[in-house]
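A.B. asks: Sequence:
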Amino acid sequence: MTLRIGNASGFYGDRFDALREMLTGGELDVLTGDYLAELTMLILGRDRLKDPAAGYARTFLRQLEDCLGIAHERGVKIVTNAGGLNPAGLADAVRHLADRLGIPVRVAHVEGDDLTARHPGSLAAHAYLGGFGIAACLREGADIVVTGRVTDAALVTGPAAAHFGWRETDYDRLAGAVVAGHVLECGAQATGGNYAFFRDGDVRRPGFPLAELHEDGSCVITKHPGTGGFVDVGTVTAQLLYETAGARYAGPDVTTRLDTVRLGQDGPDRVRIDGVHGEAPPPTLKVGLNKLGGFRNEVVFVLTGLDIEAKAALVRDQMEPALGKAADVRWELARTDRPDASTEETASALLRLVVRDPDQGVVGRALSGAAVELALASYPGFHVLAPPGKGSPYGVFEDVYVPHGGVDHVAVLHDGRRIPVPPAHDTAVLDDVPEPPLPEPPAPGPTRHAPLGLVAGARSGDKGGNANVGVWARTDDVWRWLAHELTAERFRQLIPESRELNVTRHLLPRLRALNFVVEGILGAGVAAQHRFDPQAKALGEWLRSRHLDIPEALL
1 MTLRIGNASG FYGDRFDALR EMLTGGELDV LTGDYLAELT MLILGRDRLK
51 DPAAGYARTF LRQLEDCLGI AHERGVKIVT NAGGLNPAGL ADAVRHLADR
101 LGIPVRVAHV EGDDLTARHP GSLAAHAYLG GFGIAACLRE GADIVVTGRV
151 TDAALVTGPA AAHFGWRETD YDRLAGAVVA GHVLECGAQA TGGNYAFFRD
201 GDVRRPGFPL AELHEDGSCV ITKHPGTGGF VDVGTVTAQL LYETAGARYA
251 GPDVTTRLDT VRLGQDGPDR VRIDGVHGEA PPPTLKVGLN KLGGFRNEVV
301 FVLTGLDIEA KAALVRDQME PALGKAADVR WELARTDRPD ASTEETASAL
351 LRLVVRDPDQ GVVGRALSGA AVELALASYP GFHVLAPPGK GSPYGVFEDV
401 YVPHGGVDHV AVLHDGRRIP VPPAHDTAVL DDVPEPPLPE PPAPGPTRHA
451 PLGLVAGARS GDKGGNANVG VWARTDDVWR WLAHELTAER FRQLIPESRE
501 LNVTRHLLPR LRALNFVVEG ILGAGVAAQH RFDPQAKALG EWLRSRHLDI
551 PEALL
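As numbered in the numbering used here, residues 1 to 555 make up the sequence shown, in order.
Honestly, the hints are just simulated from the structure, not real lab data. In this text, all values refer to a predicted model and were calculated from it rather than measured experimentally. Take the hints with a grain of salt, since some may be wrong.
As the list claims (entries may be wrong) - In silico lysine-lysine, DSBU-like type, Cα no more than 35 Å apart, as pairs:
#1 Lys50 with Lys325
#2 Lys537 with Lys291
#3 Lys50 with Lys463
#4 Lys325 with Lys463
#5 Lys325 with Lys291
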């Protein structure tokens, strides 16, 4: 018995046509849509400040208007976290849409994640719920299930638990579904999107992924026939490493042992996942707090031609009096210029100034006035990419934790009945898994100073203020070298801004992978825009571009 679960959204703003493409491209039992991220919760929180009836992903409604009839005709259940901060509001909106279209569907929703009232000063505070509220809705006949903040993988564990009749203690099965859900959650990232070796296939318009899930928790990751992109062990490995850390991947339903995952190519565009073990979940649930941190403004000065460093020093000196009251001032000089350049753009460097302060006036008129007044009184060739505005609010993200019983997890059915979802039966405190033994090192031989990316893939992402960088080898020979060469200390050498930070390396030998967690590199999270790449999306690609002494036999 196989349950076919597809995904049509990896974030709020993903490909609009994907819902229709997945419903019409092949057979499905369930279609999921993941719309939420740390930054999205902040955006929805600001929407709700303007309109208490808002707080959900409105795009989903517009997609559904075009596709609800198709889903109904084909018997495809839809499960989505597009409810955001207001799942009941979105569920009602879906019912109104279905009535207007004359399509008989049963809409249920899950609630209990909203803990904002317990955290004064927060814009949104939401616990990450598991999949059993979703399962309760589906068992009672729901055609569409809307949730708020659940774990991304819960969109798969819920339907799987409902379909196969899994209990809360079926940890190995649930862990297999978590792995499937984690691969699916970011959409086209599993089918060649954002992939280190993107030239291995045609990724101009990758299709969205689906999982053929089995009763024992194993699955095959694939995509609809004829869609773009590709699915292989590498694309699945990359997504497994995305926004994870060590061997234990904790969730509200189960702690998944990523060090037990086995991958195998099962044919063209088919990767089999099995062997996954699960353990009791931790005793607490993660709660994401989003707060307004203050106001932010920036200006980018363009420095062209000769004397770049001196020009940068001049404008910094000139701006200094206007910046004295600001709580946080950051300058970054990007040397994008080239000597004897053939175009003005390639002859230019960018000097970026970012200012933050609790007072909008400090980062608004004071900054913009000082920058604009330099137009005829600064370095030769003075201009900026855009004049600074009045300053915009920025957010900060923080994790806190509550006991499983500290939330009122409830499945609200289409007929108004409310089914309480009990907390986890058993829990286990998360302990570090003993470090696995290193593989045998490769035999000594000649080396060449070359980019790491010639032999290894990487994918990176954000979790609050931390970043993770997963690095994997595609062959056993490369793995033997990589495991010995790319230590945490070598990582710090290659990524200078991590040198004063805590960097932890995790080994995942079955995936031939290393996962590095860099604490604090993103400051207060993506909404604070602490660095040039605030979500660390390209941190892995920067690492792959760094040069090491690589054995010639591997190149």
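A.B. asks: Please go over all the hints and tell whether each is borne out by the structure.
C.D. replies: Hints, one by one, checked against the model:
{"no.": "1", "hint": "Lys50 with Lys325", "result": "30 Å, holds"}
{"no.": "2", "hint": "Lys537 with Lys291", "result": "23 Å, holds"}
{"no.": "3", "hint": "Lys50 with Lys463", "result": "28 Å, holds"}
{"no.": "4", "hint": "Lys325 with Lys463", "result": "31 Å, holds"}
{"no.": "5", "hint": "Lys325 with Lys291", "result": "23 Å, holds"}
When the structure is compared with the earlier hints, no violation turns up for any of them.
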